[in-house]
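Q: Chain by chain, the residues run as shown.
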Amino acid sequence: MPAIPTRCDSVRHVGCAVSGALSVTTAVEGAFSLVHGPDGCSHQFISLLHSLQMDQGRPGIPRVGSSRLSEREIIFGGIPALSRALESVFRHHPSVIFIISSCIAETIGDDISEVVGDDSRVPVIPIPIGGFIGGGFASGVNEALIRLAARAPAPPREKSGVAVIGEKNLEFDADAQYLEVKRLMSLLGQSVTVRFVRSMPYESLVDLASARLAVLRDSSVQHAGKYLSDTFKLPSLPAFPTGLSGTRDFLEKAGNLLGCDGKAAAEKEHELQEEVLGSFRSLKGKKGRFGPIPYESLLFAKELANCSGIRIGGDGPVLSVPDPVPAGTAGVRRVLSHWRRIL
Amino acid sequence: MTPTCPGPVWPCAMTGAVAFLSGLKGLAIVIHGSSGCFYYPASLVGGDLHGTLLLSEEVVFGGTDRLCEVVAPLSATHRAVAVVQTCAPAVSGEDPAMLQGDDIIIIDSPGFTGGFDAGFRKAQETLRPLFDRVCPGVTIDGLNPADPFYRGNFLEARRILESADIPFCSAISSGRFEASMPAGEWSVTVNPDLVSGIGQPCGSFLGFPAIRETMRILCEHYSPADPAPILDEVETATGRIAAACDKYLRRYDPPVAAVFGTAGYAAFTSTMLSTFLDADIAFIGLREDPVSPFPGHARTLTDLEEISHVLGETSPDLVLGSSYERAAAPGSAFVGLTFPQRGRVMIGSRALAGTEGALRFMDEVLNACMDRCRKNTGFP
Numbered sequence: 001m002p003a004i005p006t007r008c009d010s011v012r013h014v015g016c017a018v019s020g021a022l023s024v025t026t027a028v029e030g031a032f033s034l035v036h037g038p039d040g041c042s043h044q045f046i047s048l049l050h051s052l053q054m055d056q057g058r059p060g061i062p063r064v065g066s067s068r069l070s071e072r073e074i075i076f077g078g079i080p081a082l083s084r085a086l087e088s089v090f091r092h093h094p095s096v097i098f099i100i101s102s103c104i105a106e107t108i109g110d111d112i113s114e115v116v117g118d119d120s121r122v123p124v125i126p127i128p129i130g131g132f133i134g135g136g137f138a139s140g141v142n143e144a145l146i147r148l149a150a151r152a153p154a155p156p157r158e159k160s161g162v163a164v165i166g167e168k169n170l171e172f173d174a175d176a177q178y179l180e181v182k183r184l185m186s187l188l189g190q191s192v193t194v195r196f197v198r199s200m201p202y203e204s205l206v207d208l209a210s211a212r213l214a215v216l217r218d219s220s221v222q223h224a225g226k227y228l229s230d231t232f233k234l235p236s237l238p239a240f241p242t243g244l245s246g247t248r249d250f251l252e253k254a255g256n257l258l259g260c261d262g263k264a265a266a267e268k269e270h271e272l273q274e275e276v277l278g279s280f281r282s283l284k285g286k287k288g289r290f291g292p293i294p295y296e297s298l299l300f301a302k303e304l305a306n307c308s309g310i311r312i313g314g315d316g317p318v319l320s321v322p323d324p325v326p327a328g329t330a331g332v333r334r335v336l337s338h339w340r341r342i343l
Numbered sequence: 001m002t003p004t005c006p007g008p009v010w011p012c013a014m015t016g017a018v019a020f021l022s023g024l025k026g027l028a029i030v031i032h033g034s035s036g037c038f039y040y041p042a043s044l045v046g047g048d049l050h051g052t053l054l055l056s057e058e059v060v061f062g063g064t065d066r067l068c069e070v071v072a073p074l075s076a077t078h079r080a081v082a083v084v085q086t087c088a089p090a091v092s093g094e095d096p097a098m099l100q101g102d103d104i105i106i107i108d109s110p111g112f113t114g115g116f117d118a119g120f121r122k123a124q125e126t127l128r129p130l131f132d133r134v135c136p137g138v139t140i141d142g143l144n145p146a147d148p149f150y151r152g153n154f155l156e157a158r159r160i161l162e163s164a165d166i167p168f169c170s171a172i173s174s175g176r177f178e179a180s181m182p183a184g185e186w187s188v189t190v191n192p193d194l195v196s197g198i199g200q201p202c203g204s205f206l207g208f209p210a211i212r213e214t215m216r217i218l219c220e221h222y223s224p225a226d227p228a229p230i231l232d233e234v235e236t237a238t239g240r241i242a243a244a245c246d247k248y249l250r251r252y253d254p255p256v257a258a259v260f261g262t263a264g265y266a267a268f269t270s271t272m273l274s275t276f277l278d279a280d281i282a283f284i285g286l287r288e289d290p291v292s293p294f295p296g297h298a299r300t301l302t303d304l305e306e307i308s309h310v311l312g313e314t315s316p317d318l319v320l321g322s323s324y325e326r327a328a329a330p331g332s333a334f335v336g337l338t339f340p341q342r343g344r345v346m347i348g349s350r351a352l353a354g355t356e357g358a359l360r361f362m363d364e365v366l367n368a369c370m371d372r373c374r375k376n377t378g379f380p
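So the protein sequences, as listed, match chains A and B. Counting from 1, one number per residue, gives the positions in the first sequence under this note's numbering. Counting from 1, one number per residue, gives the positions in the second sequence under this note's numbering.
Simulated from the structure, these hints should not be mistaken for laboratory data. Treat each hint with caution, since some may be false.
Unchecked claim - Partner residues are not named here, just some residues of chain B that face chain A (Cβ under 7 Å, in silico):
#	residue
1	T4
2	S35
3	Y40
4	G348
Heads up, the beta-carbon is just placed ideally off N, CA and C, and yes, glycines get one too.
Generate the whole structure from the sequences, applying the supplied hints.
A: Okay, structure coming up:
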């Protein structure tokens, strides 16, 4: 994409907060997400999600609507249109309604919280992110997670289970990443009680408040992680584990936070990792190189190359690493399998 | 218009304007807005696309400096730069017209001004004065770069003109951008919804009756032209389609069909289905309000939830539309008619216009219907 590079290029490529918020709100089961903006804003996300769903072979219809702002509302204000849209959304019997503001709504000064009354039919959660005026995609994700978490009940005295926070719902292999974390938690005798938010019923917010540990997807949801830590005194791990030693460290840290034997779990995982590396013996002595990849990915790639005996040099095929790096020992296996096909 | 639109399936005016411009090589397109607004048209149509990728402070304090920063280097390397407005800068009091230079074209079609078609037409209107070099020959009109039939329709229209010894002049929107672009004395369209008004319109190549009539008019203007090869083709194609449909109907019932698309395509395909296959057209959903009265019953519908409801109510055997409709009616036979066509490979040049377009369309319809019947009955 030949956009003009500038001194603050990366800041300019952060995407839209509406899409970020929608990536969270559309993952709440039975929810309806209402974008206060022109139809085109909702269409962009629907198109993205639709494309992803078709790619994954699970066609569906995202429950995303629009308040249909047109030139008239831009001139005279869009709150009456939003009120009418909200009223019509109740007919869809949603479990919860999210209202997300677009950049144009923010620019004309519409305050979406005005339409949220004391209606007890269904919870209505405003997310006044204001499109790109409120930040990029990640800002939208964090804001939606925080606004939703604020509706969780007070934590009970007895806590249990693990909460997975901020899965990337637009990631092609999001469920595969989750399953690996779930497996690792089982080594500690723990179960994941809530995926905040992926295919989550609204009622599962109670499990968020009562969790003993939060595992964040990665640093992009650190603001939401901090909110959970401050509000629910919920300790957290900052990211899904990656790499061989990274996965063992993850187990030890999780064990410490949960008050269980993380060392034993890490040792058991080490045995599995040895077994995995053994199945890639044929890679030993092969030669490859790394292309331009992010620093974190490079550390991961170097560890794998070192442990599997691949020689890294100036020539040989490029050994690519998926972005984001796949989680856990299962992720290591997937990447080594990919490299074996290349080499 | 309903108060809310659950699942809008039609892009905004800004995207439509970008789609039109993307057909013109040598023209740099700058989307004046955030990266969020930039990514979608970039994924839909591509082209020589750039963005100001505005930050929030540039909406508050003005984004003109940023616009100049992006446009200046492009202006040096391209024949011209088209700036397409998005919603936030359009209402924040900015005037991109302050950009100096004959090579700067401003398209004022922010998303809130309407749907894809409104933006497409706005870009057409804005560029129309540049098609001022009247040349002998025919302009092929109605080409939409976001359309799955974009390249196929262009190739088919050229082939028809060549077969009749009628000179080709230019295509809209396709070809090289120039400060003064060629406009044919006459024009034919491959999509009646997108007539630009460049050249004297002679008709359309969409459907057999339209092809016959258009060839008659064109040949009045080009005396050495010979319509016979194309008229023969139309007759042969009509016979082949009729024979294939008769054979189908000996074994299967006429399908109940639901058609979703732009008005011109919906009218053409629904007529083909009822004429040759005796199909019951249960519903026609249009992506936008038609530019001229629609021949038959149709409703403008861009709300995916309502589309799903209609499909549930009518239970069609056959659905023509986009991958949204395909997802909403997984049990129906499906033929692609409008964008997007996700989950399908479409790298070849398919036409909908012309004799080849009509033949290909009926191929797809009959094969899709037969596959569904075989699957449902278990018979080979």
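Q: Against this structure, judge whether each hint is valid.
A: Now for the hints, and whether the structure bears them out:
no.: 1; hint: T4; result: 4 Å, holds
no.: 2; hint: S35; result: 5 Å, holds
no.: 3; hint: Y40; result: 4 Å, holds
no.: 4; hint: G348; result: 19 Å, violated
Hint compliance for this structure: hint 4 alone is broken.
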